[in-house]
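Asks: Numbering (our numbering), first residue to last: 2 to 502.
Derived from the structure by calculation, the hints contain no laboratory data. Positions of the beta carbon are idealized from the N, C-alpha and C atoms, including for glycine.
Keeping only pairs whose Cα atoms sit at most 20 Å apart, straight-line, the calculated SDA-like set for lysine to any residue is:
#1 Lys405 - Pro28
#2 Lys405 - His69
#3 Lys229 - Val270
#4 Lys405 - Glu453
#5 Lys466 - Asp209
#6 Lys405 - Gly328
#7 Lys405 - Ala225
#8 Lys229 - Leu273
#9 Lys405 - Ser76
#10 Lys466 - Ala387
#11 Lys466 - Gln156
#12 Lys405 - Leu93
#13 Lys466 - Glu389
#14 Lys405 - Asp30
#15 Lys405 - Phe24
#16 Lys466 - Arg369
#17 Lys466 - Ala210
#18 Lys466 - Asn366
#19 Lys405 - Ala454
#20 Lys229 - Leu243
#21 Lys229 - Pro268
What follows is a set of in silico ranges between Cβ atoms, one per label pair, in the way DEER data are often shown:
#22 Asp228 - Gly192: 50 to 56 Å
#23 Glu453 - Cys13: 36 to 42 Å
#24 Cys13 - Asp272: 53 to 59 Å
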Amino acid sequence: MTPRLAVWQMMCLAAALGAIAAFGQAPYDQPLILMAALVGALYFFSQAESPRQAAVFGWAFGTGYFAHALQWIVSPFMVDVARHGWMAPFALLFLAAGLALFWGLAFWLARRLNGHSAWGLVLTLPAVELIRAYIFTGFPWAMFSQSLVDSSGGQALSWIGPYALNLVMIAVAVPLSQMAQTWGARTLRYGAILLGLGGVVLPVMAPDAVSGDGIIRLIQPNAAQRDKWDPAQIPVFFDRQLQYTSAPPTDGRARPDLVLWSETAIPWVLDLAAPALDQIAQAGGAAAVAFGVQRRNPDQYFNSMVVLDGAGGVAQTYDKHHLVPFGEYMPFADLFARVGVFGLAQRALGGYASGPGPQLLEFGNLGRALPLICYEAVFAHDVNAAPERPDFLIQITNDAWFGKAAGPRQHLAQARMRAIEQGLPLARAANTGISAMIDPYGRVLAALPLNEAGFIDADLPLPRKPTLYSRTGDLPFAVVLLLGLVAAAIGARSREDGLKN
2 MTPRLAVWQM
12 MCLAAALGAI
22 AAFGQAPYDQ
32 PLILMAALVG
42 ALYFFSQAES
52 PRQAAVFGWA
62 FGTGYFAHAL
72 QWIVSPFMVD
82 VARHGWMAPF
92 ALLFLAAGLA
102 LFWGLAFWLA
112 RRLNGHSAWG
122 LVLTLPAVEL
132 IRAYIFTGFP
142 WAMFSQSLVD
152 SSGGQALSWI
162 GPYALNLVMI
172 AVAVPLSQMA
182 QTWGARTLRY
192 GAILLGLGGV
202 VLPVMAPDAV
212 SGDGIIRLIQ
222 PNAAQRDKWD
232 PAQIPVFFDR
242 QLQYTSAPPT
252 DGRARPDLVL
262 WSETAIPWVL
272 DLAAPALDQI
282 AQAGGAAAVA
292 FGVQRRNPDQ
302 YFNSMVVLDG
312 AGGVAQTYDK
322 HHLVPFGEYM
332 PFADLFARVG
342 VFGLAQRALG
352 GYASGPGPQL
362 LEFGNLGRAL
372 PLICYEAVFA
382 HDVNAAPERP
392 DFLIQITNDA
402 WFGKAAGPRQ
412 HLAQARMRAI
422 EQGLPLARAA
432 NTGISAMIDP
442 YGRVLAALPL
452 NEAGFIDADL
462 PLPRKPTLYS
472 RTGDLPFAVV
482 LLLGLVAAAI
492 GARSREDGLK
502 N
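Generate coordinates for the entire structure from the input sequences, incorporating the hints supplied.
Replies: Rendered as structure tokens:
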């Protein structure tokens, strides 16, 4: 940094820029502000006097960004304030500061590889974001590319995926952060302005989705998390879902082919729920009903989704395989249990067990669907890991854990990203919202507002042809990044040797 700035001033400036950048994410949805703050951060990076100073700036920038973007993380701890409330500020602080370590590493490495030029961050920052998506089970929430779901630039997800789109956004910001003293630099800057404005400001320009013959009913009971397991409230929410399931079709449509309830839609463990299953099947009539439920075997509990047949029997079962650490299970569970700390969302003492992995479910004339339970929709590579290409995606989620503003809306943005990447429609049933039918371009065709009870009958759009990203996944981008980093390291070593000679 410039000599006029003390370290604490540098860190405050970086954190402020990070917090401003988070306005690109829902519920604000202002990617232009995100890009402007990113440009500012890249400019100050180029003023760093050492790799260590660059790392401190990058860490502070990331801490401000994640603290603002992920402020909804305190909401789960407020459900049972007496038991968990004390953890809330620590959870936000440690999560934001921990995730920011990735950005600090990227800034440090860029300074080592490419000196004062911010072009090094075009490789290092996307690289650490890719690592963040995979390491320690992954947490790729609030990436820069997530801010583009409502913009034309977001459609690039179907070609290059979310991590490569991060690179594009950073590459656009770099020329804008530098002095343009030559004709070539000015040309690059004007090109970046046009590309950035086009990708960030212009709305989605894609053909209308083609509707198929299938209809899916999305059920949203709006059970607040503190009431969801209350014995006095359980009959209220269950009866509400039965009523919505048996209600006549809306808007002159035919009866739905599938009725979709949310995650853990009933409070009973599956093997004890036979009377409830009979009622659900009866309410569904000729339609299949799929819903979230806890399932167990003699040794384990699972967070599952089941599909009922017309007689109330379980025709198909999917067990969630990508669980939420510290939510559905506790790492080092025995150690934490000694001090009375258990996963926030787990209903079994030992937490949930992981299912075997992605699988497809059959839904007759609707085709085959890939089910995603809550958090699983955050991971592009989990969706790409489907054994075969499905006809549509299903997400069931609770989302009552996520508060009433940023969390549920950001989770919806993640679901929309998966639809764009795969070129597939996505049917989303969320307990407290936002339940929605999403087309293969990520547009919301029909939705129930947040924190409202109700249901909607939505036509299921037809899928697009397989996208490039759905065919390639992340491996080609990872290889390109690795080769670029190796080339940058060789170049940095050559420069050092030249200075010594």
